[in-house]
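Novice: For the sequence shown, this note's numbering begins at -19 and goes up steadily by one.
The set of hints was computed from the structure by calculation and includes no laboratory data.
Mixed in with the good hints there might be a few duds.
Said to hold, decoys possible - Distance ranges between label pairs, derived from CB positions: (1) G99 - H426: 20 to 26 Å; (2) R452 - D270: 56 to 62 Å; (3) T272 - P126: 32 to 38 Å; (4) P290 - T262: 43 to 49 Å; (5) Q303 - P332: 45 to 51 Å; (6) K30 - E282: 49 to 55 Å.
Stated by the list, open to error - The calculated BS3-like cross-link candidates involving lysine-lysine, where the alpha carbons are at most 25 Å apart (straight line), are: (7) K522 - K476; (8) K522 - K474; (9) K505 - K527.
Remember, it's a predicted structure, so these values are computed and weren't measured experimentally.
The beta carbon of each residue, even a glycine, is placed where N, CA and C say it ideally should be.
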Amino acid sequence: MTRIIRVIAAVVLCAGAAAIGAAQVPSRTDAPTTGTAQMRGRVFDAAAGKPLRRAQIRLTSADFRQNFLTASDDQGRYEFKDLPAGRYSLNVSKGGYVTLSYGQTRPFESGRPIELHDGQIVEKVDFSLPRGAVITGRLVDEFGDPVPNVQVTAMRYTFVQGQKRLSPTGGADTTNDLGEFRLFGLPPGQFYICGTSRPNLPLGPVDDDRAGYAPTYYPGVTNPSEAQRLTIGLGQARPDVNFALVPTRTARVTGTLVDSGGRPIANAAVTVYQLNSSLFMTQSAMVRPDGTFVINGLTPGEYHLRAQGPPARDGSRDIAMTQITVASEDIVDLRLVADAPVAISGRVVLDPAPTASLAPSAFRVSTMSMPTGTMTISFSMSSGQVQDDWTFATKATPGRNRMSITTPTGWSMKAVRLNGADVTDTGIDFKRNQEVRNIEIEVTNHPATLSGTVTNNRGDVPPDYTVVVFSRDEQRWTPGTRYIMTARPDQDGKFKVSSAPPGDYLAAALEYIEPGQSGDPDFLKQIRDRATAFSLGDGEAKALTLKLIAQP
């Protein structure tokens, strides 16, 4: 029997109301999954109350790794049909407006999931998008002349791998010939503005000019701690954010890319990543036919260099990596030696045993390099498909990597073992020119789950909250860990954590936490004495009722 549910999406700074359709396009999945549920609503301009056409509505579900994308029609209407049952995230965006997620009540807050059941029709999932704030300004050099082609970025302090650091927010622009920039579509909040100049030229021609500009923060400083914070209100226009870039001497890096036999590698690029920086800035230089390359305009700092050769028949590429320290002097005759990626192989084990209807080709195995103290970027290699006998073979970047597996709906990774030892969380340290066998990846269709409700001190379900679930063992509070999870309430006020590894946990419900704050060990220490302790067994489904606790 079809059930019709009406949901008013109270989203960020406003809400809406009304109904019905548009065309949807499923994106990214191994095999499109269909069902009998439906969802529809409308998108409005928050200030004018008028329908917004061509807003992008994206529906995603981690349950079956499938995205649906549609656009609102002239009446602001959208509709998703033939949806499989599951928990979904809903996101709406349009140029010049603040991007919002369903259930979002604060800027930058993660949204709330929507639970869909077979045959269910969820209506009036409406959004009122506010106009974004705008920051405009002009960048000049030390002589007061405009500087074109400077990348200008809006930044804010966020939690990255458990530490608070200045990070780009998504608002960026490049200065024009007058040195002017315009950042738009910004949500309300506190921002820092940074200008970065001197991108490397693609072919790296020799240039004796070493004059450049350091990454400069408004009002004209190079130290982020001295930058001036801009507090921007909803839809506010902030003009005249003008400042001068700080001049500095830059350095050039010249070198050669060769294979393990010393032969030059052509048709490649060298990419540079700056370490220990709040700016995620990269630049690349093409490798000439003789294997040489030139990287111009590097400001002082620590850098990671990575080069990949042309693809082999199996799609893999030889890889060269190194770290350099740039001061005021050039680095010459740098030799990058590219090694073949590490060949790895193993088998997939299913718990319970596989059925005839389960296709091994629906599983794909991949690797991801693990961040280090200074290198917070991860690199992945092309994935390997699981064969009919449940074996796999793929490639990995040298260094410590975590294994992962893409699974069909209802299945998730349970454990990774190397020669019988559990390496699910520690990863595997792959050595150069090594071949690693006997990797076993266990997947299951009955993972442990946690669900429940939250009440406040009056016994009522609060209108909004976030649940933090974390291991009792502090040693598991590491970046990227599986033992720290968060959950937001669905439209019925219930939370759910899926695919949790077995173990001893603490759970706490708070009105609000910042994105990424759950990975901060200091934050977890502040809430653990007021958290609810519980244990989760292999494949166990546990329900909890949590009390809302005060913010630390």
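Novice: Confirm or reject each hint.
Specialist: Hint check results:
1. Between G99 and H426 the C-beta distance comes to about 25 Å, which sits within the given range of 20 to 26 Å.
2. The supplied range of 56 to 62 Å is met by R452 and D270, whose beta-carbon atoms lie about 58 Å from each other.
3. Checked against the hint of 32 to 38 Å, the pair T272 and P126 passes, with Cβ atoms roughly 35 Å apart.
4. Between P290 and T262 the Cβ separation comes to about 20 Å, which falls outside the hinted range of 43 to 49 Å.
5. Between Q303 and P332 the beta carbon distance is about 46 Å. The supplied range of 45 to 51 Å therefore holds.
6. The hint said 49 to 55 Å for the Cβ distance between K30 and E282, and at roughly 51 Å that hint holds.
7. A hinted pair counts as satisfied when its Cα atoms are at most 25 Å apart, and K522 with K476 qualifies at roughly 10 Å.
8. A distance of roughly 13 Å separates the Cα atoms of K522 and K474; the hinted pair therefore holds under the 25 Å criterion.
9. Proposed proximity of K505 and K527 is supported: the alpha carbons are some 18 Å apart, at most 25 Å.
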